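Following the hints, position chain B against chain A.
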Amino acid sequence: MAEWDSGTKETVKRIPFLTVRCGPRDKEDWAKRLKEELTALIKYIQLNKASDSDWFTITANKEGTHWSGKCWYVHELLRHEFAFEFDIPATYPATAPEIRIPELDGKTAKMYRGGAICLTVHFKPLWTKNSPHFGVAHAMCLGLAPWLAAEVPHLVETGAIAAKA
Amino acid sequence: MSDEVVDSNPYSRLMALQRMGIVHDYERIRSMTVAVVGMGGVGSVAAEMLTRCGLGRLLMYDYDKVELANMNRLFFRPEQAGMTKTDAAAQTLAGINPDVALESFTSNITTLEGFDAFKASLCDSEGAPRVDLVLSCVDNYEARMTINQVCLELGQAWMESGVSEDAVSGHIQVIIPGVTACFACVPPLVVASGIDERTLKREGVCAASLPTTMGIVAGLLVQNALKHLLCFGQVTRYLGYSSLKDFFPTMDIRPNPGCANTLCGRRQTEAAAREASPEARAAAAAAAAAAEAAAAAEAEAPVHDDNSWGIEVVADQAEPSGSGGESNIGARARGKPGAPPEGLQYSMPAGVTAEELRAQAVEDSESNIEDLMSQLDALNKP
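Residue numbers (the working numbering), protein chains in the order written: chain A, 1 to 165; chain B, 1001 to 1382.
Just so you know, the hints here were simulated from the structure itself, not pulled from any lab data.
One should not assume that every hint holds.
[Unchecked claim] FRET-style restraints, in silico, Cβ to Cβ:
#	chain 1	residue 1	chain 2	residue 2	range
1	B	Pro1340	A	Asn61	42 to 48 Å
2	A	Lys9	B	Asn1072	39 to 45 Å
3	B	Gly1219	A	Glu63	42 to 48 Å
4	A	Ala83	B	Leu1244	32 to 38 Å
5	A	Glu63	B	Phe1247	44 to 50 Å
6	B	Ala1276	A	Asp29	31 to 37 Å
7	B	Pro1078	A	Ala83	32 to 38 Å
8	B	Arg1052	A	Lys70	50 to 56 Å
9	B	Gly1219	A	Lys70	47 to 53 Å
10	A	Asn61	B	Arg1266	45 to 51 Å
11	B	Pro1340	A	Lys107	46 to 52 Å
12	A	Lys70	B	Pro1078	39 to 45 Å
[Said to hold, decoys possible] Taking lysine-lysine and the DSBU-like style, the derived pairs with C-alpha atoms no more than 30 Å apart in a straight line are:
#	chain 1	residue 1	chain 2	residue 2
13	A	Lys62	B	Lys1119
14	A	Lys70	B	Lys1381
15	A	Lys164	B	Lys1381
16	B	Lys1065	A	Lys9
17	A	Lys107	B	Lys1065
18	A	Lys124	A	Lys62
These numbers come from a predicted model, not from an experiment.
Ideal Cβ placement from N, Cα and C applies to all residues, glycine included.
Looking at chain A on its own, in the form it has when it is part of the complex (with noise of 0.2 Å):
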């Protein structure tokens, strides 16, 4: 993993890995992985809160099929919220979810349509090489983080976002 900068890279070393190769069709192992998926989602979020660094909320539906909640990035001061979700695919976990922020759709490049963030570059061939190693909590770590940082700065400076009061 090598040239992400060095917090990222402490931090990504202390999520746990996930062992079990599941999606959510298969029910019963499905049940099993999702317990890997919160387990370390649990450890990433403490982590964050014990460096004062908490960036997102997360919840998930029953079956842990779709996630939502709130992001966040402070740029120059300023605190900028987002509602983000996104839904396992079917072939979960040979391929990465697709994190959606729908409230930016088609106010920057980096984004598919509906909003999902474009992983492609930066995360999608991690996640692969990795698979089915990494999990949720690794996507928020090594996805939306970044993209976050590189896209929020970029944002506010074209004037298409600015900070809620």
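Quick look at chain B alone, frame taken from chain A:
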């Protein structure tokens, strides 16, 4: 399908393929069903080609709408902007050839519900595949992995196609579950490197495209599909197209014995068993004998009776010993599963190592899912 040669017969030039000895029974195409998944620059053109060829039934899949940004490619017209691609295509194709039965499916196939709906749409009421071939004309890895999984589950042959992001190269690939590599056997070798989140490039999300490359790849794809469906010529298992140097590599990609998809492994075992069955052996022996007889017949009759200049044909380079029609890689890999031939090595980058996994795998939790969900909710409070 009439083969009458009159200006008013839309099929006269197609039926002439029989007269020319290319296709044995062209009319079979009327009883065939093809699914085109993704109606973009490649899929829409492929659909038009199949429609003009008089295909029996065409299933079209896409959840996107036509945009003016698509106008640098073929098929769609500016006045169709805003329509779903499937509706716009059905409109145009029904006008071109009303003999083709068209079915449109306007949903995302990668979601849980979309996957099941896609799989069901390819099957008859008994759950058996009702299509002769699936053509993948999608633009992303997730959709390809979805088609791969559905076709592995159905044992359905499909053809993958793709055009590179820089619009100057493309490929087509035939995937027969268990017989050839599946899409997960040889994942695209993309390795992230040199990325810092602060310097993430903002450009690059908008892929380039050319009507030429898209049209060429669609043509290669449908040509291969016709050969497969109507049993003529040689169906190419993989054909690359690099337009900058007009390089067209072809190869045979054998299934990966270590494929991450367990169903692919099962299909490989089934295919090996089929290949080893007495009927298959007899058929293979008969085919080999026929080929040998044909070669012998050809060798027997000299082209010229005398050769007063003593001209002989020699190879450009010395043939490496033991190289036959089949690649050494395939032969060697089959002899010793898992071991690449001497001098070659697997290049798929290693992800998490076994050691890292032991040290850092998630620990089995005593709590059940409900407990964990409420723990997560508690963490959501500031």
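Evaluate the given range 32 to 38 Å for the C-beta pair formed by Pro1078/B and Ala83/A. 35 Å, holds
Ala83/A paired with Leu1244/B, Cβ distance criterion 32 to 38 Å: 44 Å, violated
What's the verdict on Lys1065/B and Lys9/A, does the C-alpha distance respect the 30 Å limit or exceed it? 40 Å, violated
Is it true that Pro1340/B and Asn61/A lie within 42 to 48 Å of each other by Cβ? 45 Å, holds
Lys70/A paired with Pro1078/B, Cβ distance criterion 39 to 45 Å: At roughly 40 Å between Cβ atoms, Pro1078/B and Lys70/A fall inside 39 to 45 Å, so the hint holds.
Starting from Lys107/A, check that the Cα of Lys1065/B is at most 30 Å away, please. 19 Å, holds
Check whether the Cα positions of Lys70/A and Lys1381/B lie no farther apart than 30 Å. The given pair, whose Cα atoms are some 12 Å apart, holds under the 30 Å limit.
Has the hinted range 42 to 48 Å been met by the Cβ atoms of Gly1219/B and Glu63/A? Holds - the Cβ-Cβ distance for Gly1219/B and Glu63/A, about 44 Å, lies within 42 to 48 Å.
With 46 to 52 Å as the target window, see if Pro1340/B and Lys107/A comply at their CB atoms. 48 Å, holds
Mind checking the alpha carbons of Lys164/A and Lys1381/B for me, to see if they're no more than 30 Å apart? It holds: about 20 Å lies between the C-alpha atoms, which stays within 30 Å.
Using the beta carbons of Asn61/A and Arg1266/B, state whether their distance is inside 45 to 51 Å or not. Hint violated: Cβ distance 32 Å, outside 45 to 51 Å.
Given the hint that Lys62/A pairs with Lys1119/B, does the C-alpha gap stay at or below 30 Å? OK: Lys62/A and Lys1119/B at ~25 Å, within 30 Å.
The structure fails hints 4, 10, 16 (numbered hints given earlier, in ascending order).
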